[in-house]
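Asker: In our numbering, the protein residues as written are 1 to 325.
With a Cα cut of at most 27 angstroms, we get these calculated DSS-like pairs of lysine-lysine:
#	residue 1	residue 2
1	K30	K311
2	K316	K57
3	K325	K99
4	K50	K273
5	K316	K261
6	K30	K273
7	K57	K311
8	K81	K50
9	K99	K81
10	K273	K311
11	K316	K273
12	K30	K57
13	K99	K223
14	K99	K261
15	K261	K30
16	K325	K273
Computed beta-carbon distance windows for the label pairs:
#	residue 1	residue 2	range
17	E246	K99	32 to 42 angstroms
18	I318	E139	42 to 52 angstroms
19	S65	I101	24 to 34 angstroms
20	T208	D131	14 to 24 angstroms
21	K57	V287	18 to 28 angstroms
22	V233	A322	19 to 29 angstroms
Since the hints were made in silico from the structure, they are not lab data.
Every residue, glycine too, gets a C-beta built ideally from N, C-alpha and C.
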Amino acid sequence: MKHKIIMVMLSVALIVGLALTGCVEPVAEKTEVMLYTGGTAGTYFPLGSKYAEMLNKYSDIIDASAVTSGASVTNVKGIEKGESQAGLIQNDVSYYARKGIVMFDASVPQLQGLATLYPETCQAVVRAESDIYTLADLEGKNVAVGAPGSGCAVGCEQVFEAAGVWDTIKRYDLAIGEGCSALKLGQVDAVFVVGATPTAGIEEIAVTTPVRLVLIPDEIVDKLHAEGYSFYVRQVIPKGTYKMTESVATCAVMAMLCVHKDLPDDVVYDMTKVLFEHLDELRTAHVRAADITLDAALDGMSLILHPGAIKYYEEKGILVPAELK
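Could you put together the complete structure from these sequences and hints?
Answerer: Structure (structure tokens):
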């Protein structure tokens, strides 16, 4: 009799256990999102690293990581090859990728937009004691123009071509950090940087080596627009930046957050939501994040938007132009 009671109790326990097991919700498998950023001397890396941290903190369906990279062009190719699922990219470079021009032999259909973020300033940096005050003064000088194939290098060529000095300078293919170090050591006369201000690499050398920016006047911006580079905008860098004693006029493109078109809609929806609903947290990573706003999220957008991003914007009452759908 005792044996039968034990068997009954075990059977009941087994049935209850199976029933409870059936009630437990299966753990949802997270989607991996690898975010390509840029070099450690720029702005993409600190912002991208913080954003990945935020995605892991606030989304239940995303497993995010941020890695250093060669920035815009490398980030496009990473998405194209499926090596990454997201990237920080200049809006001019994303435009070239969409059209299959300049550094891209064919269009990159895998690339879609999530948001535009902040201005990326074209900065022709020289030592403060230099006699270089205009782009024309760079004729015959040694200039670090950016890593080969980078958005920085392309921007440098376009701006210097518009100024008529591209073919007159001695070019050094150096990334931002390397170029800034070369300027500090006197190995080059100028370094061209496309990046959010203040750019870390420039700030670092400005601590011990006084620097300033060379004027890029409105007529150069007008010429760039006339040549079809409509994504350039005018910008003024205020005095105090890099310890400069005067404000300097220049131009800028826009930083964008781009994604692979095959990412699930709910993942990109979450990515968009986390970005705009936790901006205060992102702003602790870099001062430039203060320029990121929901109202300006589509300003300068040069790609078709991902459907997941469109859903978020429309929920928030943001008008999405037909050409971005």
